[in-house]
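Based on the sequences and whatever the hints tell you, model everything.
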Amino acid sequence: MAFSSYLDGKRRDCAELVAELRKRFSYVSVLGTDVRAAAYRADRMSSAAQDAPGECGFVVKMHDGRSFFEYSLDDISGDKKEIADRIASAVETDPRLRGRMISAGVLKDEPLKEDFVRETDFDSFSDAQLLGICRELSAELCAADEKVRNAICGIQPYVVSKLFVSENRELSQFYGWANGFLVALYQDGKMVAARQIEGSDSMKEIIRNLRGSTGKVIDLARHLVTAKPIEPGVYDIITDSSITGLIAHEAFGHGVEMDQFVKDRALGKNCMGQYVASPITNMHDGAAAAHSVASYFFDDDGVLAHDTQIIKDGILVAGLSDRDSAAQLGTEPTGNGRRDNYRRKAYSRMTNTFFCPGTDKLEDMIASVKHGYMLFETNNGMEDPKNWQIQCTAEYGIEIVDGKLTDNYVSPVVMSGYVPDLLKSISMISDGFEVIGAGMCGKGYKEWVRVSDGGPNLKARVKLG
Amino acid sequence: MNDIIELLKADPSVSAWRVTEKATVSYELFFVHRDLETVRATDTAETQVTVYVDHDGKRGDSTFTVYRSMNEADIAAKIENAAARAKLVFNEPYELPGAGTLEAALPTNMADADPKRLAADIADAVYAADDQPGGSINALEIFLYRDTVRVLNSSGVDKTQTTHRVMIEAIPTFTDDKESVELYEDHRFTSFDPAKVTAEIAEKMREVRDRHEAKKPQTPMKINVVLRPKETQRLLADLARDLNYGVAYSHANLHEIGDDLQKDCTGDRITLTMRGIVEGSERSAYFDDDGMTLTDICIIKDGKAAARYGSSRFGQYLGIEKPSGDLRCTEVAPGTLSETELASAPYLECASMSGLQVDLYNDYIGGEIRLAYYYDGEKTVPVTGITMSGRLSAVLSGLRLSETAEVSGAYLGPVKLLMPDMEIL
Chain A
184 MAFSSYLDGK
194 RRDCAELVAE
204 LRKRFSYVSV
214 LGTDVRAAAY
224 RADRMSSAAQ
234 DAPGECGFVV
244 KMHDGRSFFE
254 YSLDDISGDK
264 KEIADRIASA
274 VETDPRLRGR
284 MISAGVLKDE
294 PLKEDFVRET
304 DFDSFSDAQL
314 LGICRELSAE
324 LCAADEKVRN
334 AICGIQPYVV
344 SKLFVSENRE
354 LSQFYGWANG
364 FLVALYQDGK
374 MVAARQIEGS
384 DSMKEIIRNL
394 RGSTGKVIDL
404 ARHLVTAKPI
414 EPGVYDIITD
424 SSITGLIAHE
434 AFGHGVEMDQ
444 FVKDRALGKN
454 CMGQYVASPI
464 TNMHDGAAAA
474 HSVASYFFDD
484 DGVLAHDTQI
494 IKDGILVAGL
504 SDRDSAAQLG
514 TEPTGNGRRD
524 NYRRKAYSRM
534 TNTFFCPGTD
544 KLEDMIASVK
554 HGYMLFETNN
564 GMEDPKNWQI
574 QCTAEYGIEI
584 VDGKLTDNYV
594 SPVVMSGYVP
604 DLLKSISMIS
614 DGFEVIGAGM
624 CGKGYKEWVR
634 VSDGGPNLKA
644 RVKLG
Chain B
34 MNDIIELLKA
44 DPSVSAWRVT
54 EKATVSYELF
64 FVHRDLETVR
74 ATDTAETQVT
84 VYVDHDGKRG
94 DSTFTVYRSM
104 NEADIAAKIE
114 NAAARAKLVF
124 NEPYELPGAG
134 TLEAALPTNM
144 ADADPKRLAA
154 DIADAVYAAD
164 DQPGGSINAL
174 EIFLYRDTVR
184 VLNSSGVDKT
194 QTTHRVMIEA
204 IPTFTDDKES
214 VELYEDHRFT
224 SFDPAKVTAE
234 IAEKMREVRD
244 RHEAKKPQTP
254 MKINVVLRPK
264 ETQRLLADLA
274 RDLNYGVAYS
284 HANLHEIGDD
294 LQKDCTGDRI
304 TLTMRGIVEG
314 SERSAYFDDD
324 GMTLTDICII
334 KDGKAAARYG
344 SSRFGQYLGI
354 EKPSGDLRCT
364 EVAPGTLSET
374 ELASAPYLEC
384 ASMSGLQVDL
394 YNDYIGGEIR
404 LAYYYDGEKT
414 VPVTGITMSG
424 RLSAVLSGLR
434 LSETAEVSGA
444 YLGPVKLLMP
454 DMEIL
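Residue numbers (the numbering used here), protein chains in the order written: chain A, 184 to 648; chain B, 34 to 458.
None of these hints come from the bench; they were simulated from the model. Fair warning: there could be bad hints in the mix.
To be verified - Dumping the calculated BS3-like pairs for lysine-lysine here, alpha-carbon to alpha-carbon at most 27 Å:
| id | chain 1 | residue 1 | chain 2 | residue 2 |
| --- | --- | --- | --- | --- |
| 1 | B | Lys296 | A | Lys373 |
| 2 | A | Lys452 | B | Lys249 |
| 3 | B | Lys337 | A | Lys373 |
| 4 | B | Lys296 | B | Lys334 |
| 5 | B | Lys229 | A | Lys629 |
| 6 | B | Lys249 | A | Lys387 |
| 7 | A | Lys411 | A | Lys553 |
| 8 | A | Lys607 | A | Lys587 |
| 9 | B | Lys337 | B | Lys296 |
To be verified - Example chain B residues on the side facing chain A (calculated, C-beta under 7 Å, incomplete):
| id | residue |
| --- | --- |
| 10 | Thr96 |
| 11 | Arg118 |
| 12 | Asp191 |
| 13 | Ser387 |
| 14 | Tyr394 |
| 15 | Tyr397 |
As the structure is a computational prediction, the values presented were derived from the model and not from experiment. Backbone N, C-alpha and C fix where the C-beta goes; we use that ideal spot for every residue, glycine too.
Here's what the structure looks like:
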């Protein structure tokens, strides 16, 4: 598997279209995407082996010295003047709006030509092998306990080829990622769904981890059927890496997406240099900050991947920006311009977001809790960057009594509150660290991109309901 | 598309096929405060091909996407690969929807509009509501779409439908010298009524001012909670999903036909019909992804599971003689809750939530409330900073539905749903 031969053959077309449009716009770039995905899935009754949603097309970005213009199309072959005419006509505005364009600074176009490749082992596995593994693990889960009503195993690899061309830059990247999951639908009185999700750019690793997880999934299912609703209240909590990542993501990931600064939609804009978290807290984001699902080489604006420290010793120090936001704010872009696909606009988006490890031992953290819960596995979350409310839902929690984990499970667990209250309540941080590369993140309720998040275990005090 | 079909017909290993072409033309405006930051337009299409192969008494299928960049040789290779994949799949046999043709457009008043002018008209309608001291719309995104979907299959289906739809994401904001607050709102419609858009945004402008004034009430408390259509739709969608053919076939369902979903009911009984078309909803459709003509079906009647709905394949697996097709809209019959009765006891009306959490398996409903109106029996005040939770089964047993109905998203139903005795923290 290698960089898309189709995109490779379009380098000259991209450059010619850029040159043609440069006669009318002060800055022009073309992003070509060719993303191929597959999905293998088996459960007790059925199976599937097919392509998963991918994309193949182009988005042309233009700046006229004031505003931004974009046009998405499937192919750029043919007469470039004709295409340029079509594009320029399509992005015209009604005369009523022409006096209302913003005035953003000129986009930099620093020279760079580079091809980035990160190989995967996906080609080593045939369709038959991957579907066979799904069948094997689904059957293993179904056979493990008669109370398993159904069990699903899925494996979803995808490979990304992207080509970015502007007047002075020509970048290409090729990389891949895969996710695998196990779900057991288990009924013993009540019905539960116990899950295990894996992510890696090594298919071998995913298969190994899935094979090693069937017992854990069944054990979790047996506990989840005993889970009770939590008594609403304020508790000491210990988070697993997944919930730590969810907090990072919802609390100060979305909160420092700098396109929200431009729109005065994020309180973080006014809090740079201020304490927003416990002084033992450090947080990063970046495609170059960790090796996970969002570890690309350059973003959809052609900006190279960064490692951005967002919180340093409890103080908010930096945000995440796409190119357009940075131009409007007069800052440098941080390589966080991402699109759902080539048909959609680029926004400031998170990549791999995490809290840094501390020095505490997990067992000491649990031992320090008189009565509280250890929370596990992200279900979903919702941001509120303007008003710093937060809602994070964990799949389940385990009660801690007198410093010991009990067998008392609660599910689901909705954690909510005011972001600084939550982050300032962080009193212990473990020395462990895991980033989980299986997430999808929307902006509001749209614009889905793949993200990872994680970190160490945190001890904090929050409202659970 | 004809080339693809010829290639499919020429491949002897292909037992049946389905081709779906979706073309989308869009025009999009992105405002920062009142200024236009970005203008976007798109003209894209993609074709999905599903290859069915009958083998060993079973049916396998595999889907791939054809992009405009592919040539004939690429497509032929994709068909061969999909047929090979389909031979690895051993699903129970099923028939594709039978012959039928249709070429239709969903009702709209935007079909002949110039998108540039229409987008500017929509912007004017939104900003017309931005006239309150302290209020502002800090961001506005306007998306105009024309989707054309054509489905063909080897059994003679050839159906096309066109949808014109608009999505607006407006961010009403209220600012004074101490604080600035916002509400996130999206609005979707298939016909443009400027006065209606202005009225909806104006209501959100009033609510964001109220969020600024809102205080955290004394908690914990136990009180009746009122949901609006957006959250009601979320709650009922989960109930409906449990009655989907596919969910039942995969043994993920909780309820069987005839089950009482509202045991020991003390409130209004739910009657829920899955519908193909709800006027004004962008989710409306004449046919589903298989090209199956949609047939409305009542799945919950007087609180009891009355029927299932879903795609042709899973309907056939369950022995359903005439599957409904994969319906996407819901209609809920109005209830008996009048405004007078509602006002007879204290309640909390949720105006904005982080996201209603509904968990059928764990019998849970709850979520963080960003803005609610607390009625103490005499006066109403805005409140914030609270979380609600309760047992879903208790909510279903005691819920009340308003007498009046409206369309919201893919939902036509009561404008208010009252949940008794929710825990507020």
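Hints, one by one, checked against the model:
1. Lys296(B) / Lys373(A): holds, 16 Å
2. Lys452(A) / Lys249(B): With a Cα-Cα distance of about 25 Å, the restraint between Lys452(A) and Lys249(B) holds, given a limit of 27 Å.
3. Lys337(B) / Lys373(A): Roughly 20 Å separates the two Cα atoms, so the pair holds.
4. Lys296(B) / Lys334(B): holds, 13 Å
5. Lys229(B) / Lys629(A): holds, 24 Å
6. Lys249(B) / Lys387(A): Between Lys249(B) and Lys387(A) the Cα gap is close to 52 Å, so the pair fails against 27 Å, i.e. violated.
7. Lys411(A) / Lys553(A): holds, 20 Å
8. Lys607(A) / Lys587(A): holds, 24 Å
9. Lys337(B) / Lys296(B): holds, 9 Å
10. Thr96: Hint holds; Thr96(B) Cβ to chain A Cβ min 4 Å, cut 7 Å.
11. Arg118: holds, 4 Å
12. Asp191: Status violated, d = 23 Å.
13. Ser387: holds, 4 Å
14. Tyr394: holds, 5 Å
15. Tyr397: holds, 6 Å
In this structure, the hints that do not hold are numbers 6 and 12, in rising order.
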